[in-house]
Amino acid sequence: MEHVKCECGHVNPHGTAFCESCGKPLEENTEKKLLDMRYEGSARRSQTYNKTIVDKIWAFFSSVKVGVALIVITLIASAIGTIFPQEMYIPPNVSPAEYYADQYGWAGKLYYKLGFNNLYGSWWYMLLIASIGVSLVICSLDRVIPLYRALKKQGVTRHPNFLRRQRLFSTSRVADVDDVFKQVKEKLAQRRYHIREENGNILAEKGRFSRWGPYVNHIGLIIFLIGAMLRFVPGMYVDEVLWIREGETKEIPGTHGKYFLKNEKFIFETYEKGKENEVFNAAIDRVGSGTVAKNYQTNVVLYKRVGPVVAGAEPKLKKIKEYKIRVNEPLKYDHYALYQVDFKQNEPYKMAFQLMDKTSKKSFGTVVIDLHNPKPSYNLGNGYRVELLSYFPDFYFDEDGNPSTKSKVPNNPAFVFKMLTPDKPKGEVSFVAIQQTIEPFGNNKYKMAFAGLETRNVSGLTVRRDFTLWILGVGGAIFMIGVVQGMYWNHRRIWLQRVNGEVWLAAHTNKNWFGLKNEIRRVIEGTGLAMPIDQAEEEKKAAQGGQAHGATK
Amino acid sequence: MKKQQRLVMRTVILLLLLAAVGYTIYSNFFTEKARVKVGSTAPDFVLTDLSGKQHRLSDYRGKGVFLNFWGTWCKPCEKEMPYINRQYSTYKKQGVEVLAVNVGETKLSVQKFVDRFGLTFPVMIDREDQVMNAYDVDRLPATFLIDKNGKVKKIITGTMTEEMVKQYMESIKP
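Sequences listed follow chains A and B, in order. Following my numbering, the numbering of the first sequence begins with 1 at its first residue and continues without gaps. Following my numbering, the numbering of the second sequence begins with 1 at its first residue and continues without gaps.
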């Protein structure tokens with residue numbers, strides 16, 4: 001492709017809409033009166049070279065239309081992803097494939113098939129986001145470089161056709177041109193315009209830096225995307241859940257067996273009348289005493305394992321620190337942070353039963369069962385003994401009607417006891433669940449009477465380690481700088497030129513034409529120069545006038 | 001000349017972008033996110049079985065290890081246990097060891113379960129979830145086939161048929 005030489009002598013790249021230097025329109029387009037000033041009429045290179053496959057891919061991603069389409073598709077996909085719950089919110093013990101089909105029928109099935117159940121993790125969603133990233137890079141590169149070049153190479157003396165086809169344009173005759181130019185120059189300088197002169201013509205410019213705003217913004221976005229990408233690099237990002245009961249010491253998941261945590265106590269407090277300052281009484285009365293949460297807290301001890309890490313081996317622990325984890329006050333250590341996120345109160349811990357004669361109500365002793373470590377047999381002395389035949393921590397009847405357990409958590413403990421007494425040496429069998437007793441082999445003489453329940457609280461913590469956070473922060477900050485740069489500054493240019501004894505004034509801005517007009521009004525005040533006409537508004541008015549005229553006919 | 005430069009530039013940029021996207025997609029979908037991968041060395045662990053004997057995985061070098069994670073409430077586990085038990089009686093003589101790790105239930109429940117099915121291989125309880133964490137087990141049953149060099153040969157999640165159990169044991173025979 002050859003270059004295009006303008007009559008002013010400047011050589012432009014192929015595809016340029018108007019000369020980079022003098023602004024003479026190169027591709028004659030007589031239909032429109034005004035010049036399209038986007039990207040300074042520079043050649044978007046991708047549209048001009050389209051030979052190899054690389055160029056074709058480049059051209060595809062360089063299109064803003066493609067970029068917008070990608071964003072719209074991503075938006076629609078994200079919206080669809082909110083119709084049914086995401087996989088992380090469905091019950092953990094069911095197969096997702098079955099769950100979606102059972103709950104939502106064929107729509108759920110399709111939802112699961114297409115990967116909407118885990119939208120952010122589905123390959124096509126990631127590909128969409130990645131394509132947006134690629135589009136961002138290529139779109140920006142393809143525009144910022146020619147734009148930079150065009151703005152750098154712009155000449156002061158412009159072709160009359162360029163000036164005439166600017167949105168703001170006027171011609172005037174003044175007595176002393178030199179004096180007027182001098183006045184205008186002074187005023188422009190006061191308004192911080194950068195002034196260039198050539199052959200007695202003036203180009204005043206300010207705020208060019210605003211033109212880089214969108215590209216700075218895109219750089220921020222790309223850094224943000226890189227940060228998000230780095231989360232997939234092993235070790236960069238840890239996000240685990242730790243459920244820990246009071247009194248328990250557990251390995252902290254995600255630390256590769258290096259750290260252990262002990263839960264000393266979980267505390268849940270509410271605002272109660274009498275405990276708070278009197279001024280809050282009215283407010284507490286309004287919502288009810290003890291209904292509003294005040295504090296969720298886990299008192300913990302952090303330990304580090306010393307010596308080699310062998311899973312399952314009794315760990316040798318070194319105490320590191322004690323801490324009170326509260327909401328928004330995580331325990332931080334070695335880049336790990338433990339946040340309070342959930343809790344479960346009053347989980348059964350120990351249950352007590354009395355071996356009792358059903359008729360005389362006489363008790364022969366109490367059995368205390370640790371629900372996490374029940375013993376096979378409890379001796380009560382004097383020939384009385386209780387054997388634990390079966391234990392179901394989370395009792396239910398399964399499909400075949402057999403007593404079974406749903407999990408290892410003692411949510412609903414049930415027991416099969418064998419009561420051995422001097423008068424019943426073979427023993428009596430009794431099935432005991434909460435509020436329920438079954439005697440499978442007929443009427444028993446003895447029973448296991450419920451004699452108390454000890455509970456404890458379970459604290460739900462989140463384990464986090466995130467080395468990508470600062471990258472996301474930097475990306476976000478650059479993003480905002482770009483937004484501010486493009487929003488609060490305007491790129492304004494004013495051309496003053498002597499043409500055939502007249503003074504031609506033209507002006508352009510990338511936004512806020514009202515502001516530019518006001519500025520020009522103040523600059524030319526008292527100089528005898530004519531206020532430029534807004535040709536875009538004139539056109540609009542003409543068009544509206546024509547319509548109104550047509551309507552009255 | 002200039003055109004050529006441009007083509008090179010574009011190719012380089014596109015390749016860079018492709019590499020970034022490719023890495024993300026690859027690391028997400030084609031590598032196991034679990035800490036234990038096929039081909040890597042199985043993390044060592046020490047657990048005590050119901051009879052009080054300590055088992056250390058690394059002591060089983062030279063033998064194939066059929067490492068099974070299970071729970072008494074897990075119906076598929078219940079189903080495959082007799083299969084494993086039967087096949088174990090054959091493959092034990094051929095150098096295949098079964099280690100059945102219960103995921104932290106009470107000794108009573110585990111013992112009753114073992115008695116009910118007459119399990120002959122060592123059954124151990126991972127009381128503090130340490131081994132589960134090390135192997136990143138979240139759904140039961142989960143089985144790790146470990147060869148005589150201590151390398152993970154295959155990871156199976158879900159129920160196995162007796163035929164599958166047999167094949168798997170065959171595959172880790174030293």
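Hints in this document: simulated from the structure, not taken from any laboratory. Hints should not be assumed to be uniformly reliable.
Stated by the list, open to error - Restraint ranges, calculated between C-beta atoms of paired labels, are given here:
1. I71/A x F29/B: 41 to 47 Å
2. W470/A x Q5/B: 35 to 41 Å
3. F29/B x W470/A: 24 to 30 Å
4. S51/B x S377/A: 17 to 23 Å
5. Q94/B x K445/A: 51 to 57 Å
6. F29/B x D398/A: 57 to 63 Å
7. Q5/B x E198/A: 30 to 36 Å
8. K540/A x F29/B: 52 to 58 Å
9. Q5/B x H335/A: 43 to 49 Å
10. F29/B x T249/A: 43 to 49 Å
11. K362/A x R86/B: 48 to 54 Å
12. K321/A x R6/B: 57 to 63 Å
As the list claims (entries may be wrong) - Taking beta-carbon pairs under 10 Å as the criterion, some of the chain A residues facing chain B (in silico):
13. V233
14. V309
15. G312
16. E314
17. D398
18. G401
19. S404
Backbone N, C-alpha and C fix where the C-beta goes; we use that ideal spot for every residue, glycine too.
Mind checking the CB of G401/A against every CB in chain B and telling me if the closest is under 10 Å?
-> violated, 14 Å
Quick one: are Q5/B and H335/A within 43 to 49 Å, going by C-beta?
-> holds, 44 Å
Hinted contact V309/A with chain B - closest CB pair below 10 Å = Holds: closest Cβ of chain B sits about 9 Å from V309/A, inside 10 Å.
For the hint on V233/A, just tell me whether its beta-carbon gets within less than 10 Å of chain B.
-> With a closest approach of 7 Å, the V233/A hint holds.
Are K540/A and F29/B spaced within 52 to 58 Å by their CB atoms?
-> Between K540/A and F29/B, where Cβ atoms are some 53 Å apart, the hint holds.
S51/B paired with S377/A, Cβ distance criterion 17 to 23 Å = For S51/B and S377/A the Cβ distance comes to about 18 Å; the hint holds.
Note whether the CB distance of K362/A and R86/B lies within 48 to 54 Å or breaks it.
-> The hinted range 48 to 54 Å holds for K362/A and R86/B, with Cβ atoms some 50 Å apart.
Hint says 51 to 57 Å; check whether the CB-CB distance for Q94/B and K445/A agrees.
-> holds, 55 Å
Is it true that the C-beta distance of W470/A to Q5/B lies inside 35 to 41 Å, as the hint says?
-> holds, 36 Å
Using Cβ atoms only, decide whether D398/A comes closer than 10 Å to chain B, and label the hint accordingly.
-> holds, 8 Å
Residue hint S404/A, partner chain B, criterion CB-CB below 10 Å = Result: holds, 7 Å to nearest chain B Cβ.
Do the beta carbons of Q5/B and E198/A sit within 30 to 36 Å of each other?
-> holds, 32 Å
Taken one by one, the earlier hints fail for this structure at numbers 1, 6, 10, 18, listed in ascending order.
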